[in-house]
Amino acid sequence: MNPEFILRYFLHTIRNNVLNNKYSLNIYMIRPKKTTHIPVFSNRSNPVTGADALFLARLQFAFTVGFHIVFPAFSIGLAAFLAVLEGLWLKTDKQVYLDLFQYWLRAFSIVFGMGVVSGLVMSYEFGTNWAQFSQKAGPILGPLLGYEVMTAFFLEAGFLGIMLFGMNKVGKKLHFFATCVVSLGTLISMSWILSSNSWMQTPRGYAIEPGTGRFIPENWWAIVFNPSFPFRLTHMALAAFLSVAFVVGGVGAWHLLRAKRSGNQPTEAVKVMFSMAMWMAAIVGPLQILAGDAHGLNTLKYQPAKIAAMEGDWNSEGYAPELLFGIPDMENEVTNYKIAIPYVGSLILTHSLSGKVPGLKDYPKDQRAPSYVVFFSFRIMILLGVLMAATGLFSLWLRRKGALWTNPLLLRAALFLTPAGFIALLCGWVTTEVGRQPFTVYGLLRTTDSVSPVPGASIGFTLAAFVAVYFIVFASGIGILLRGFAEEPHQGETGPDAHHPQRAASMASAVSDTAAAGHTGSGE
Amino acid sequence: MDLATTGLTGAAYWLPIVWAVLAAAAIFIYIVLDGFDLGLGMLFLAEPDKKHRNIMIQTVAPVWDGNETWMIFGGAALYGVFPNAYATILPALYLPVLIMLFALILRGVGFEFRSRMHTEQTRNLWDIGFCLGSFVATFMQGIILGTLISGIKIENNAFAGSSFDWLAPFPLFCGLAVACGYALLGATWLIWRTESDLQATMRRWAGFLSLAMLGMIAAVSVWTPALHATYMQNWTTWPRILYVAPVPVAVITLALVMFQALRGKTSRRIPFFCALGWFFLAFSGLGINIWPYIVPPSMTIWQASAPPASQTFLLVGAAVLLPLILSYTAFAYHVFRGTVNEHSESYH
Ligand code: HDD
Ligand code: HEM
Ligand code: HEM
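Taken in sequence, the protein lines are chains A and B. Residue numbering for the first sequence is 1 to 524, as defined by my numbering. Residue numbering for the second sequence is 1001 to 1348, as defined by my numbering.
Hints in this document: simulated from the structure, not taken from any laboratory. The reader is advised that the hints may include incorrect statements.
[Claimed, not checked] Lysine-lysine pairs mimicking BS3-like chemistry, simulated, CA-CA at most 27 angstroms apart:
id, chain 1, residue 1, chain 2, residue 2
1, B, K1051, A, K169
2, A, K301, A, K260
3, A, K169, B, K1050
4, A, K271, A, K401
[To be verified] A short, non-exhaustive set of chain B residues, derived as facing chain A with CB atoms under 7 angstroms:
id, residue
5, A1026
6, Y1030
7, P1048
8, V1063
9, A1087
10, Y1094
11, L1101
12, V1109
13, S1163
[What the hints assert, rightly or not] Covered stretches of chain B, going by a simulated chain A footprint (3 or more residues, C-beta under 8 angstroms):
id, segment
14, 1065 to 1072
15, 1304 to 1314
Bear in mind that the values here come from a model prediction, so they are computed numbers and not experimental data. No residue lacks a Cβ here, since even glycine has one placed at the ideal position from N, Cα and C.
Sequences and hints are given; from them, build the entire structure.
Structure (structure tokens):
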């Protein structure tokens, strides 16, 4: 098939379905009574103001949360990896673990910083973009976010300083403790935010207040441990570990390939890091497929309409095929250009050939999620998941043959898949969130009834600003990371016991000798 | 939706009060911690010496994340405890809030990025970003405060004003006042935590900024009661006047102590605590002014509240966790105590 056609088709569908607000007709929103006097920002210049404001609010939220999620996922995986490295160093006293710890710690400080600043935005964006949602769901989701701050963010922030700068100020044990606490903090943080998100997918434990339409908490246990939470938590935690495994593996592979090309022996640190990453890939990759399958069954039970959209199925049927490819057309209620494998759809979703899978036509038109988005995001995630798991298993086989560090196919695959975890993770989130449409709280509160009374022009302006600011900040950050990864781990990094006078002067000389600022204590 | 306060009893009456006090305390802790942090950023470009800039950064690098977490806590608590206020204030102040967030992004990454730059130019760019980000974030906080004090237009429990209501003389003046105050906190923090030349420069800055701050406190104190009749009442009716009468006296006493300490070359901590004292007084004055409104002039803390079930749930956690948080935060400050100079242990 012709790629240009696909692109045109996509743009056409999006224009028809989203911009002409197929799904967001009759926008119910409180608009400012008074229009502003400044013409540039006046609402008039927008042809479809209400829909535009909603569309822009969604786009802005998706953009910012999509950026945010990458860094916390990176932090979650990397903090755990650092704790393991430091633990191994304390236990074995081998220099290579300390070298690796310091190497990845420098990346961590950048990644964490970007997670914090993009997260700060998120905690206010519920109010700026989704004021009606906040008013109604705030009584339930606000306390969860409050607990996240009190049990996780403060904990991370309190011990981060010691982890990053405290090597020589506190003892080895206390420093290790700080690293573990930071890692624990990232995991706690993930749990609370996923509980919030899962509640929006499978709400439980609430009552709706007559008159105001607010969600009133009735049973906190049911709210926090709502039916999709354990599945989402497992799947997300594995996603974070897998993503970081492939970053570490990719950096290792790059150095191994480089050493090979220049005819040198790879360093011990590079070999250890690649090996550890491939162990992770071999274990977590297949586990992630199992977890994803379980997650899908859970979704089938509680959000069948989402599954129908993900599968591009229109009619509910048994013995359903699995579509490898297709282009769902929301308007004409068909999926075109299908490539299908018979029976496999039922087999995957119900673990039986005859199992009945849902179809989009089971649901009224105004309750269908845009299948042409989730169909593809879901398939990209799965494809990458399978590739990553296969790479992990392949590494096991090579390990037995003793070719782990030399096999060019594995090294190239690992290099190629460096960003794969993050891409799969973003695709997974797009599936989850777009698949929940047209609701913010599934089945109860519509996205059109969630938005803030802010004119489209303001949102458009800040969206442009977000794109600009994030581009500058995250491009620089990623640039710094890549420059760091281009260097090999330094040998002979110092731990808390060794006091080197050279370290002290490095800050003062950092301006003239800027390269030293990033990695003091090295190169003795 | 009508959430009238009349007839509220028991938990529905007391919980909002407890949370209002707790929220005020959290905001004050935020000012104490992030104020000097942002102020130091504003003074960053005023200090041309690169070595000095590194020292300045080093005094806060290990703790800035924790300082900013209090702002996240503020957002989360508002969202969970006073959702109607959260859903009104943020759309009303949409642009200042987002501009503040952009500025905080720039300065937040500046801490790490500037030391990782390979050329002098890019490093200078991030220094500018750090300084400008600190100023803009602070200025926007002042604007947010000023707009809140001047009042937000509400109809049907939702914001009903325009996108630019905040672009008015009083909020802009508050922006300047807060910027000046934070810069003073930054300067006095550096007097405490640094030595020799840098400390002497900061003493000069602190003197100048103290005078400016006194002027601004006076101006805001006269201006605020003129904004609304209720504010005027709060300050001038008996017996409330009894509570406020000592305030000017306390401000002046602190001023005397401050200038004495700045002139002497030995006292290092006193200026910082005097500056905090001013903030405390101004902040309590503000509290008296707007009480019991959370979004003046029409939304009270009771109207803004989440149901008691939400407030209780979070309060239980806060009662246990906040003391714990304060103690390990104190521990983190303790680990990095002492003055910083160019021979100090470096960053990373
Ligand atoms: C490294 C990342 C990664 C990988 C390799 C996979 N996933 Fe995934 N997936 C996620 C990362 C992710 C995610 C980002 O973590 C999501 C979004 C929300 C969530 O809970 O997990 C997600 C959502 C998600 C959902 C949507 C659930 C819902 O919203 O109701 C399903 C059904 C699956 N996944 C299934 C799978 C399957 C069968 C995989 C097999 C290869 C798979 N995922 C690989
Ligand atoms: C776990 C925390 C999260 C929460 C509480 C959350 C909540 C929300 C809310 C309130 C909306 C706006 C309403 C809507 O359009 O549905 C939304 C939309 C969206 N979110 Fe999330 N989200 C979370 C995580 C993520 C992540 C990590 C991503 C990553 C890509 C993401 C992607 C999206 C997208 C793409 C939309 C737009 C969907 C659409 O409007 O079609 N979300 N989410
Ligand atoms: C849309 C909802 C979200 C909000 C409001 C939000 C809020 C925040 C905030 C304010 C921070 C900074 C904390 C600090 O100062 O240390 C942060 C960081 C973090 N977030 Fe999010 N977040 C959201 C989505 C997510 C998701 C979906 C995950 C993961 C599953 C996540 C996991 C984390 C973690 C682990 C951190 C700490 C590590 C880091 O800063 O890089 N968040 N988040």
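Structure-based check of each hint:
1. B:K1051 to A:K169: holds, 22 angstroms
2. A:K301 to A:K260: violated, 51 angstroms
3. A:K169 to B:K1050: holds, 25 angstroms
4. A:K271 to A:K401: Holds - the C-alpha atoms of K401 (chain A) and K271 (chain A) are around 16 angstroms apart, at most 27 angstroms.
5. A1026: With a minimum Cβ separation of about 10 angstroms from chain A (threshold 7 angstroms), the hint on A1026 (chain B) is violated.
6. Y1030: violated, 12 angstroms
7. P1048: At about 12 angstroms, which exceeds the 7 angstroms cut-off, the nearest Cβ of chain A leaves the hint on P1048 (chain B) violated.
8. V1063: It holds, given that the least Cβ distance between V1063 (chain B) and chain A is near 6 angstroms, below 7 angstroms.
9. A1087: For A1087 (chain B), the interface hint holds, since the closest Cβ of chain A sits about 4 angstroms away, which is under 7 angstroms.
10. Y1094: Result: holds, 5 angstroms to nearest chain A Cβ.
11. L1101: Result: holds, 5 angstroms to nearest chain A Cβ.
12. V1109: holds, 5 angstroms
13. S1163: This hint holds: S1163 (chain B) lies near chain A, its Cβ roughly 5 angstroms from the closest one there, short of 7 angstroms.
14. 1065 to 1072: Held - the segment 1065 to 1072 of chain B has 6 residues with a Cβ nearer than 8 angstroms to chain A, which meets the minimum of three.
15. 1304 to 1314: Coverage by chain A holds for the segment 1304 to 1314 of chain B (6 residues, Cβ < 8 angstroms).
The structure does not agree with the numbered hints 2, 5, 6 and 7 stated previously, though it agrees with the rest.
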